[in-house]
Structure formats: structure tokens, C-alpha cells
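Undergrad: Residue numbers (full-length UniProt numbering), protein chains in the order written: chain A, 1 to 138; chain B, 1 to 138; chain C, 1 to 138; chain D, 1 to 138.
Think of the hints as simulated: they come from the structure by calculation, not from any bench. Honestly, I wouldn't trust all of these hints.
No copy is singled out in the list; a pair is fine if it fits within one copy or between any two copies.
[Unchecked claim] Straight-line distance between alpha carbons at most 20 Å, and here's what the computed EDC-like set of lysine to aspartate or glutamate pairs gives:
#1 Lys86 - Glu116
#2 Lys101 - Glu37
#3 Lys86 - Glu13
#4 Lys101 - Glu119
#5 Lys101 - Glu116
#6 Lys86 - Glu96
#7 Lys86 - Glu7
#8 Lys101 - Glu5
#9 Lys86 - Asp26
#10 Lys101 - Asp38
#11 Lys86 - Glu119
Number of protein chains: 4
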Amino acid sequence: MQPQEIEAFLDREFPQVSGYSVTRVDGQGVEMRLAVEDRHLRPGGTVSGPTMFELADLAMYAAVLSRIGPVALAVTTGANIDFMRKPAAGRDLLAECRLLKLGNVLAVGDVLIRSEGAEVPVARASLTYSIPPKSRRN
Amino acid sequence: MQPQEIEAFLDREFPQVSGYSVTRVDGQGVEMRLAVEDRHLRPGGTVSGPTMFELADLAMYAAVLSRIGPVALAVTTGANIDFMRKPAAGRDLLAECRLLKLGNVLAVGDVLIRSEGAEVPVARASLTYSIPPKSRRN
Amino acid sequence: MQPQEIEAFLDREFPQVSGYSVTRVDGQGVEMRLAVEDRHLRPGGTVSGPTMFELADLAMYAAVLSRIGPVALAVTTGANIDFMRKPAAGRDLLAECRLLKLGNVLAVGDVLIRSEGAEVPVARASLTYSIPPKSRRN
Amino acid sequence: MQPQEIEAFLDREFPQVSGYSVTRVDGQGVEMRLAVEDRHLRPGGTVSGPTMFELADLAMYAAVLSRIGPVALAVTTGANIDFMRKPAAGRDLLAECRLLKLGNVLAVGDVLIRSEGAEVPVARASLTYSIPPKSRRN
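If we strip away everything but chain A, and leave its shape as in the complex, we get (with noise of 0.2 Å):
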């Protein structure tokens, strides 16, 4: 799937579901941006966890939808989070996924969340998800 049939998905699958956007398709994996607002923020304007939390595991999931299409029921069956830095005020996040294995079963990624004009990464994240039978692809 390309990045605006991802993006199209998501908005039909996800309607309370808003800001983010597939920046990048590749062999690779995905990248993701989400257009930070008040909603995600906490006191001090720092992003919330959860919706680093809600990046890395859209991002995961536009990986897997790239390769294998439209599948609504694949789910996220677990997810591990490192919180490394304080996102910069006022600045857009990305996120980098790599998709490292697509199994019949089980898919799982990795991603780096950085803020926009900044290198570090401010947080790391590795997604399981769980492929519905009708998707297997043997």
C-alpha cells in the first residue's frame, strides 16, 4: 500500500483517530509524522507517553498494512517503550519503523521517535502484532 491509501485506511478504520500521516513507504518499513497539538501534550507542554505510546504503534501498523494491504484485524499483541529525552516544544514527532519480521502468525518492528529538526531519538519502541488467519499467506 502506498503512504495516502495507508493514510486513507486509517481514517475509515480510525475516525477518532487524528494528525498523523505516512511520510514514507520503503522496503524497509514506514515513517510516520504526527502533527503535535494541545490534546498530546501534558503540563509544561512536554508530549504525553501515551501518545508516544499511539505513534509507535500506528507507525507499526502502517508498516504491516504496506506489505500486506488493507487487513483491519491485525492486532497489536504487545509493545515495549523506552522514554529517552524530552521532545523539543512545539515541534512535530517522527517516527521510523522498521518492520523485522512478517511471519504468518506474528509480525514485529521496531521504532525510533525523534522530534522534527533533531537527530536523537526521544524515545525507542518494539511492537508484536498478531496476523488474522484470513491474511496468512500459506
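Once you've looked at the hints, dock chains B, C and D against the given chain A.
TA: The following block gives chains B, C and D in isolation, referenced to the frame of chain A:
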């Protein structure tokens, strides 16, 4: 800190977060309730992963506060979560947090989340918190 | 499976692993003991991280076996571990595993490891196992 | 520290650990090799989970040492690992560790493990290390 004190502190420090209440504080940790509403749901009525992540994170934060007092600067350094079962539609979530370690620098806890009315956990999580220097007891 | 059956199975399938015994099997899960010896230690006499990882992993495997019988092909897909306190020198380790989910495809459990004679946990872990197709109950 | 210095330090501080060599140190982190032998294997010839855990852990430790010098007291506080594919029989393992954060108190890194001769990762891991007070740079 007692349940109402913890809630008052959370309301003050994190006004954008709502729906959470502390139902119990004891020697092991705390229990926290989330009054589930539409904004917490994905299509199909299931509670979203980021919502369950936030519930686990706040339960751990409340557990830390219950021991060291109103410390706003304790922050999540890492978290791990497994989504095991679909939560029951239309039910509140209850999160039981055990504080496993309260060190000078780091705190570690685990959380089991279940739907009210059911015993089987829908998710499990573990969290690590950083304890800020002023609150270090040695 | 009962404790001695599980141990016999482990001895047969994993002859290079030794020192482990199953001390209890119940409705929640299992308890496993590691008789700590020099090969498990780092300089200074502390039990090594990989040893505690192996103990947690075997405790989870034993918990899965106790429910679905002697299945050699159940394998660890993921694990998460926090090292919280130094184990007591010269003491055996006890690992308490709770089986939190035994699904058709995945099993999830958590483990608390403590030094014999002490109540505070030295490490916590969570593990996810893949259940092979032949053993799937539906 | 350079590769041979790191290996000499590891040999001195952890004499029971063997088979590991540092193949590269650069701005991103390190690469470490494990010369796989019988004691690392489960029946069927596959490298054991605890062995891959140890490899990831040592790669991270080497990455930390490469930046802050010979600090024996840096210890693993947490680790997360996914086993994705069976390693190739009879092949060495190579672990690539990226040091993502080297803070005053905590260091965070991730690791991809692959079989020599293959590009696809057999396992991924993330590790958190505690930096002892004397080595803190502020």
C-alpha cells in the same frame, strides 16, 4: 498519600487526563479505575491500546505517589505491555498495580488490567519510573 | 502434568540444562527452584542475568506444560525482564510463574524471582510463548 | 575504548564468559561476535534463548564501555528480547548494538542479532543500563 489526595494531585498536575479514580491504596500498591467513555474506544467498542497504556502508567504513578508523596517530577522511563483479551464492552477497567521496587533512583511495578465484573486479566504491564533527586531518601 | 513429570520431560528434552526443579504446580501456575552453583555466578558471587533469564523462561515453559501436556515445540517468542535487587549470596532462587493467558496461538505469563529465605523479589519477568498448531485446542 | 581493550576488560572482569569478541566500535555503537559452540545449543542445534540474551547484554555493555571507559559497575537494569527466526545451524552470531542514550544515570540501547552469512535478524533486543555514580559526568 490516601486515595483522595492522590486523585486531587493528579487532577491538579494533569488536568487533561480524566476518568481515573484511585479505589484502593495498601501495602502492596494501588487499584485504579477507569470510567470508560467513547473517547477511549476504537470502532467496535473495544478500549484502545493507548488508553490501557495510560491506565497502567497512571496506576504505577499513583503507586509511587502513595509511598513518596506528591512528587510531580517522577517520570516513566520505560514500559512493557501485553494485550491478552478484548475488554468487555461497556464496562469500566480496573488496574491493580504492585510496587515491586522503590529504589533511590528507579521504581519498578507491574499492573494487571481487567474488566469490571470479570476476573481474567485483559492486559498486563510493567513500568519503570525515575525518582527525581530531591525525593531520594538517602 | 505433575512436578515430577514436568522435570522428567525437561531432563529428556533439554539435557544440557540442570539445577532446576519444579516445587509446585497449581491453578495459577508453577514455582520453580534453581540450585545456584558456581557456573551461574558472576565475579563477586552474584547470579548472572542470563541465568535469571533462563530460570524465568523455564518457569514459564513448565507452567505451559502443566496445562497442555508434554509439548516440546512450544517456544519463547518474547521476554522482558527487570533486575531489581542483588540476589542473596549462597542462596537458591525461587521463581513464581503465573500463567495469565493460554490462548490458541500465544501464551503469556509473568514471573517473580526471589532468593530463598527472602520475600522481596530480585527480578520480575514477563514471557510470551507460541503454542504449536498440533497442540491448539480449537 | 578500542575493541581489544574492551575484550581484555571483559576477559578480566568476567572470566567465566567466553566465545565473545568485539568486531567493531564506531560512533553508533559496537558489533560483537559469538563463536557458537555446543554449550550454547539446545537439542536440534539451535542457539538457546539465554545465550542470545547474554550476547545482546554483552554487546550493550561493550557499547557503554566504548564510551565511558572500563567501568565494571555498570549493570543491566532491564532487557526486552524478541526471538524472530531460528539461527542458522553451525554459524556464528553477530550482534549489532546501537547506543541510543547515554545519560547521567541510565543508558539505553538496542541490538539486532543475525547469523553470520545472513542479513535477516534472528532476534532483536533493547537494554537499559544503570551508570554508577562515580562515572557520572555531571
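Undergrad: A separate judgement is required for each hint: does it hold in the structure or not?
TA: Now for the hints, and whether the structure bears them out:
Within a single copy, Lys86 and Glu116 get their C-alpha atoms as close as 13 Å, which meets the 20 Å cut-off; across copies the closest is 35 Å, which misses it. In this assembly of identical chains, the alpha carbons of Lys101 and Glu37 never lie at most 20 Å apart, being 33 Å within a copy and 26 Å across copies at closest. In this homomeric assembly, Lys86 and Glu13 come within 20 Å of each other (Cα to Cα) only across copies, at 18 Å, whereas the closest approach inside a single copy is 31 Å. Only between protomers do Lys101 and Glu119 lie at most 20 Å apart by alpha-carbon distance; the minimum there is 12 Å, versus 25 Å within a single protomer.
Taking the shortest Cα distances, Lys101 and Glu116 sit within 20 Å of each other only across copies (18 Å), while inside one copy they are farther apart (27 Å). Only within a single protomer do Lys86 and Glu96 lie at most 20 Å apart by alpha-carbon distance; the minimum there is 17 Å, versus 26 Å between protomers. Taking the shortest alpha-carbon separations for Lys86 and Glu7, neither the intra-copy value of 27 Å nor the inter-copy value of 25 Å comes in at or below 20 Å. For the identical chains of this complex, Lys101 and Glu5 are neighbours neither inside a copy (22 Å) nor across copies (35 Å), given an alpha-carbon limit of 20 Å.
In this homomeric assembly, Lys86 and Asp26 never come within 20 Å of each other (Cα to Cα): the closest approach is 28 Å inside a single copy and 26 Å across copies. Taking the closest pair of Cα atoms, Lys101 and Asp38 never come within 20 Å of each other, the shortest separation being 35 Å inside a single copy and 27 Å across copies. For a Cα distance limit of 20 Å, the shortest separation of Lys86 from Glu119 inside one copy, 13 Å, qualifies, whereas the shortest one across copies, 34 Å, does not.
Violated hints, listed in ascending order, are 2, 7, 8, 9, 10; each of the other numbered hints is respected by the structure.
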